[in-house]
Amino acid sequence: MTTTAGNRRADRAAGPPPARPRRRAALALGGTGLALLLAMLIGVGVGAIPLAPGAVVATLLDRAVGTVGLHVPGGLQGSDAAVLLQLRLPRVLLAALVGAGLAISGAAYQGVFRNPLADPYLLGAAAGAGLGATLVIAYVPAQSVGPVGIVPLAAFAGALVGVGAALALGTATGGSHSATLLLAGVAVASFLAAGQTLIQQQNSEDLRAVYGWLLGQLGRAQWSDVGLVLPYLGVACAILLLCGRALDVLAVGDDEARSLGVHPGRLRLIVILAASLATASAVAVSGLIGFVGLIVPHMARRLVGGAHALVLPVSLLTGGAFLVLADLVARVVLAPAELPIGVVTAFIGAPFFAGLLWMGARRR
Amino acid sequence: MTAGARVEVIGLSAAYGRTQVLHDVRLTIEPGGWLAVIGPNGSGKSTLLRSVLGFQAHDGLVRIDGIATRDMPRRERARQMAYSPQRPVLPEAVSTRDYVALGRTPHRALLAPPRSVDRQVVEDVMERLGLDGMADRLLRTLSGGEQQRAVLARALAQQPRVLLLDEPTAALDLGHAQQVLDLVDRLRRQDRLTVVSSLHDLTLAGQYADRLALLSGGRVAVEGSPAQVLTATALQTHYGARAEIVASASGPVVLPVRAPG
Numbered sequence: 314m315t316t317t318a319g320n321r322r323a324d325r326a327a328g329p330p331p332a333r334p335r336r337r338a339a340l341a342l343g344g345t346g347l348a349l350l351l352a353m354l355i356g357v358g359v360g361a362i363p364l365a366p367g368a369v370v371a372t373l374l375d376r377a378v379g380t381v382g383l384h385v386p387g388g389l390q391g392s393d394a395a396v397l398l399q400l401r402l403p404r405v406l407l408a409a410l411v412g413a414g415l416a417i418s419g420a421a422y423q424g425v426f427r428n429p430l431a432d433p434y435l436l437g438a439a440a441g442a443g444l445g446a447t448l449v450i451a452y453v454p455a456q457s458v459g460p461v462g463i464v465p466l467a468a469f470a471g472a473l474v475g476v477g478a479a480l481a482l483g484t485a486t487g488g489s490h491s492a493t494l495l496l497a498g499v500a501v502a503s504f505l506a507a508g509q510t511l512i513q514q515q516n517s518e519d520l521r522a523v524y525g526w527l528l529g530q531l532g533r534a535q536w537s538d539v540g541l542v543l544p545y546l547g548v549a550c551a552i553l554l555l556c557g558r559a560l561d562v563l564a565v566g567d568d569e570a571r572s573l574g575v576h577p578g579r580l581r582l583i584v585i586l587a588a589s590l591a592t593a594s595a596v597a598v599s600g601l602i603g604f605v606g607l608i609v610p611h612m613a614r615r616l617v618g619g620a621h622a623l624v625l626p627v628s629l630l631t632g633g634a635f636l637v638l639a640d641l642v643a644r645v646v647l648a649p650a651e652l653p654i655g656v657v658t659a660f661i662g663a664p665f666f667a668g669l670l671w672m673g674a675r676r677r
Numbered sequence: 178m179t180a181g182a183r184v185e186v187i188g189l190s191a192a193y194g195r196t197q198v199l200h201d202v203r204l205t206i207e208p209g210g211w212l213a214v215i216g217p218n219g220s221g222k223s224t225l226l227r228s229v230l231g232f233q234a235h236d237g238l239v240r241i242d243g244i245a246t247r248d249m250p251r252r253e254r255a256r257q258m259a260y261s262p263q264r265p266v267l268p269e270a271v272s273t274r275d276y277v278a279l280g281r282t283p284h285r286a287l288l289a290p291p292r293s294v295d296r297q298v299v300e301d302v303m304e305r306l307g308l309d310g311m312a313d314r315l316l317r318t319l320s321g322g323e324q325q326r327a328v329l330a331r332a333l334a335q336q337p338r339v340l341l342l343d344e345p346t347a348a349l350d351l352g353h354a355q356q357v358l359d360l361v362d363r364l365r366r367q368d369r370l371t372v373v374s375s376l377h378d379l380t381l382a383g384q385y386a387d388r389l390a391l392l393s394g395g396r397v398a399v400e401g402s403p404a405q406v407l408t409a410t411a412l413q414t415h416y417g418a419r420a421e422i423v424a425s426a427s428g429p430v431v432l433p434v435r436a437p438g
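Chains as they are written, first to last, in this note's numbering: chain A, 314 to 677; chain B, 178 to 438.
Don't read these hints as lab results, they were simulated from the structure.
Just to be clear, a hint being listed does not mean it is correct.
Now the in silico label distances, taken between C-beta atoms and shown as ranges [claimed, not checked]:
#1 289/B <-> 380/A: 30 to 38 Å
#2 485/A <-> 269/B: 29 to 37 Å
#3 287/B <-> 672/A: 49 to 57 Å
#4 456/A <-> 196/B: 53 to 61 Å
#5 672/A <-> 425/B: 32 to 40 Å
#6 664/A <-> 366/B: 54 to 62 Å
#7 540/A <-> 317/B: 21 to 29 Å
#8 188/B <-> 493/A: 29 to 37 Å
#9 367/B <-> 504/A: 53 to 61 Å
#10 343/A <-> 367/B: 38 to 46 Å
#11 242/B <-> 551/A: 57 to 65 Å
#12 205/B <-> 336/A: 50 to 58 Å
#13 289/B <-> 651/A: 44 to 52 Å
Yeah, the Cβ is synthetic: ideal placement off N, Cα and C, and Gly gets one too.
Produce the entire structure from the sequences given, and follow the hints as far as they go.
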């Protein structure tokens with residue numbers, strides 16, 4: 314073409330200096346991975362009984378190699394070890410899992426709907442989980458089925474029913490167009506939310522329990538919760554991580570995705586199902602924690618650009634680290650009382666993101 | 178590396194709901210030929226292109242070198258035909274190189290990372306289209322003409338045998354429109370690509386395409402060489418336009434005439 318040498322030089326000077334993509338990717342993944350590890354180490358160490366990071370690592374290593382008969386000295390003893398292994402570790406792990414699941418689902422939803430305002434609760438997962446939890450809090454006297462709490466079970470089922478209803482309605486009325494799916498999600502969510510409000514009004518003595526659940530909590534985290542979410546979350550995240558490159562194809566629009574040999578409707582369905590499974594399992598053990606699924610993907614994109622093959626894993630790691638730290642704040646700020654974690658994510662997340670936006674605007 | 182294919186459209190009809198949009202369209206494009214589909218707004222140009230690509234439910238048959246596209250697997254079809262829509266969706270925060278690399282999708286497993294041959298094709302295509310200086314820039318920061326070239330580059334990275342372009346010059350000024358059409362013409366001669374494009378600028382259509390098909394009300398009203406199709410009578414009948422046709426060295430020029438008074 315007729316671009317002169319001078320113009321080309323101007324082109325180069327205009328943008329940021331060309332980064333080496335692979336090195337940048339490795340740096341981003343390594344950096345956020347390290348941040349997650351550090352956050353978890355701080356998370357288990359800080360509290361009413363402080364635990365030294367060195368002793369924490371020694372204890373965990375000792376447990377890990379204990380199965381093959383080895384011993385690492387310098388670990389925690391007695392009640393300190395119990396605090397770490399029975400209280401802090403399951404809670405921090407659960408926070409990391411929930412944060413990771415919500416953040417990667419949010420990134421997947423935003424990619425699939427080509428909409429930066431999409432979040433994991435968009436298609437009725439939150440409303441369904443809310444209705445499920447409210448129903449059992451109000452009407453079911455039993456606390457648990459076997460070792461599993463009844464509220465998590467009802468929330469998990471409710472979230473899947475909500476998304477399932479939205480998908481069924483959306484596909485029945487408009488094929489797999491993203492706008493029809495979104496509208497179906499809005500219809501299903503408002504219907505379920507109305508049902509939940511109705512039950513709440515009729516059982517006002519349960520209001521506090523319902524609100525406590527809706528605002529999100531990790532205070533009662535146990536190893537059984539970790540065991541409950543891990544398989545579902547693991548499968549869902551693995552599918553989403555694999556779909557990164559396919560989501561990049563979807564980003565150019567349905568017609569162009571078709572012209573590149575991809576079936577956009579089928580791909581969208583797979584991604585939505587996986588993201589909803591991750592969301593449902595996260596919601597089941599933690600309640601409705603807002604903000605993480607909406608904002609963390611934007612942070613990830615600011616770090617690594619728009620390629621989903623990178624945005625998804627970076628969201629996963631960042632979301633985990635973010636929620637571990639938010640949970641730390643939730644239990645430390647008003648100790649011994651606890652703040653609802655949903656309040657904390659918004660309180661520290663919103664200003665942080667505002668700062669990120671401001672810096673981005675200044676750089677431009 | 179690639180060679181053009183013969184494209185046959187046989188008895189193609191399409192409808193949106195109960196509204197029939199295309200009626201029994203028959204067209205043949207020879208290997209390495211350039212057919213421009215012209216016609217007034219709403220005559221079915223985009224629908225014809227989308228039907229040929231198989232995006233739009235239709236009756237009838239599309240054959241590439243005698244093989245019906247409906248019998249081809251999705252990915253095989255994508256290795257035969259590449260498409261540039263009228264309004265391409267330009268993803269945010271994606272570099273030009275990553276965008277062009279999407280064209281390699283039908284050549285490798287969907288979930289796999291690009292192979293070195295994919296990267297090589299992408300670099301070659303970008304160099305041919307003068308995009309090598311902006312490979313690391315974000316697609317959204319390119320000018321309109323550069324973006325259109327990036328879309329073409331993505332289509333060419335598919336190494337197709339047929340290129341379907343829906344209004345490739347719609348968003349461009351005259352100079353940039355000529356640059357893009359010159360480029361398409363050069364590529365088709367070098368690679369013997371078959372080109373099917375809709376074009377609303379009739380003079381440009383006549384100058385670049387070797388055959389024109391005038392769609393009107395979903396039917397092929399006239400088909401033939403530019404001089405055969407671009408006549409004052411045809412433009413009056415199908416466009417409701419007053420125009421003179423002036424013969425020039427590079428083809429018929431359509432000259433709009435203002436109504437007297």
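Against the structure, the hints:
1. 289/B <-> 380/A: 30 to 38 Å: Holds - the Cβ-Cβ distance for residue 289/B and residue 380/A, about 37 Å, lies within 30 to 38 Å.
2. 485/A <-> 269/B: 29 to 37 Å: For residue 269/B against residue 485/A, whose Cβ atoms are near 31 Å apart, the range 29 to 37 Å holds.
3. 287/B <-> 672/A: 49 to 57 Å: Because 36 Å falls outside the window, the suggested range is violated.
4. 456/A <-> 196/B: 53 to 61 Å: 60 Å, holds
5. 672/A <-> 425/B: 32 to 40 Å: At 57 Å between Cβs, range violated.
6. 664/A <-> 366/B: 54 to 62 Å: Once the Cβ atoms are compared, 59 Å apart, the range 54 to 62 Å for residue 366/B and residue 664/A holds.
7. 540/A <-> 317/B: 21 to 29 Å: About 45 Å separates the Cβ atoms of residue 540/A and residue 317/B, which means 21 to 29 Å is violated.
8. 188/B <-> 493/A: 29 to 37 Å: 32 Å, holds
9. 367/B <-> 504/A: 53 to 61 Å: 59 Å, holds
10. 343/A <-> 367/B: 38 to 46 Å: Given about 44 Å between the Cβ atoms, the range holds.
11. 242/B <-> 551/A: 57 to 65 Å: 41 Å, violated
12. 205/B <-> 336/A: 50 to 58 Å: 52 Å, holds
13. 289/B <-> 651/A: 44 to 52 Å: Given about 46 Å between the Cβ atoms, the range holds.
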